[in-house]
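Protein sequence lines, in the order shown, are assigned to chains Y and V. Quick note: the first sequence uses this note's numbering, first residue 1, plus one each step. Quick note: the second sequence uses this note's numbering, first residue 1001, plus one each step.
Hints listed in this document are in silico derivations from the structure and should not be mistaken for laboratory results. Keep in mind it's a predicted model, so treat the numbers as computed, not measured. Check each hint, because a few of them may be wrong.
Cut-off 27 Å, straight-line C-alpha distance, at most; resulting in silico cross-link-like pairs (DSS-like, lysine-lysine) [stated by the list, open to error]:
1. K300(Y) <-> K1004(V)
2. K284(Y) <-> K1092(V)
3. K284(Y) <-> K1093(V)
Residue-level listing of the chains:
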Amino acid sequence: MIPDEIRVKDKDIHAFLEVFNNPKSYGNGLLSGKTVAIKDNILFDGHKVSAASKILENFFATYDATVVKKLKEAGAVIIGRTNMDEFAMGSSTENSAFDVTKNPYNLKHVAGGSSGGSAAAVAVGMADIALGSDTGGSIRQPAAFCGVVGLKPTYGRVSRYGLMAYGSSLDQIGPLAKTVTEAEILYKVIKGQDKMDSTTISDETYPVVKKFSKTIGVPRSFVESEGVSSEVKQNLIESVEKFKSLGYKIVDVNPPNLKYVLPTYYILALAEASSNLARFDGIKYGLHVEGKDGIDDYFKTRGASFGKEVRRRIILGTYVLSSGYYDEYYGQANEARRMITRELRELFREVDLMLTPTTPSPAWKIGEKSNNPLEMYLEDIFTVHANISGCPAISLPSGFSDKLPLGIELTADLGREDNLFVAGKEFFGE
Amino acid sequence: MDAKKVLDLAKLARIEIGYEEAESLSHEFDAILGYVGEVKGVSKADNLKLKADSFPIRNIMRNDKDPHETSFYTENILGQAPAREGNYIRVKKIL
């Protein structure tokens, strides 16, 4: 599709913040001839990159992210930057400072988020594949809402050099695609240790301890959590039946501390956000709003150019890290994180994969949850465990509810993306 | 949490917000903190039994050598600064 065709097609959806004028191929490889859309928090040298924030509205990337360098080498054509929740903070792309991305299946509904633009672009074929980032479900949830495949790799699998940081102990870049096969190819292109990101892992970091035995655990009591819609539960039952018919053994599992995943996640993410976003000061780069003196420049710049959700998260993050409350919140969240991680790793000695829905409900109506941040946070119930533990997880399209897509999610042990691909391809008959 | 507390936190976070926003945030914060406060229920005693291998944290250092060419990024980076003086970012007087 040429840029003008994409722009016409995107008029009602608003998946893109910018469609590049003269996209080109820089090399030859696994992605030759493929068009790729990248989330607006990934740096592409010489191009604007804003994290969908007013504070970076006119910021130009000064270098290529490692993933962009790898895309170029693999022959991909990078066609544009996609809309997102500002600084990846949100689950609907409604928090973008510029536009709300619409769900391609029903324009009155959200596309999910924060990588909503990337998911919508792939869903309607404006891009063959796309990159997103996932801090608490930001690839998998929009993938589920838009009926595409979305993968969050193991923490450290993909270099984050050139990704704008939100929650550094949680963030990971990953692929969105129409099929598991395409997601796997894109994953293979972007993965690998990188000297520019010291958190990247090697193929030896997590030795294989269990051979794949087609065993899937379903945490039934967790799936029965309050607020999970009946269509989603029914869809999961159908997916379980499908896996059974493919020769998988399904077992009940019950990691007791899964119930703490969301509180744990939000404390850690808010704390890390408040720290990471301290760099935006109106002095080094980005928007500057004049105050009466040096420190007032900070107040004015940050007050005027961060959106409401970003302000909310930074201020709350400041609270959970403040000296009187640190132990109660941040300290406890780190304890809970260790427990959850241990339980999941022990679980993966018994089963190859854990199966849950990706989201507790299909895509909601635009504006429906905007005035209740807590209600929006609860939508991440089934995705954050993967970020807390570092485990890889994939969302697969699994059907529809009232013409809106639904997704199921498979989580694997650290380093075992291979299990996700095998089961995902079997699920679709790829 | 009251609006004054939110304003104090916003000050720590270097974000200017108005009283009205602080007031509405204070109610949201009560709801959010009430929910995330559930982590207080996690027992630390259980956690003492954790083996180190279940949550590996390690420092990774690189050698302090092979820097990029001097001034390789200077123009690009300074070009993004809101105010510049020569090869410096211009800031306001502090004292």
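**Item:** Hints violated by the structure (numbers, ascending)
**Value:** none
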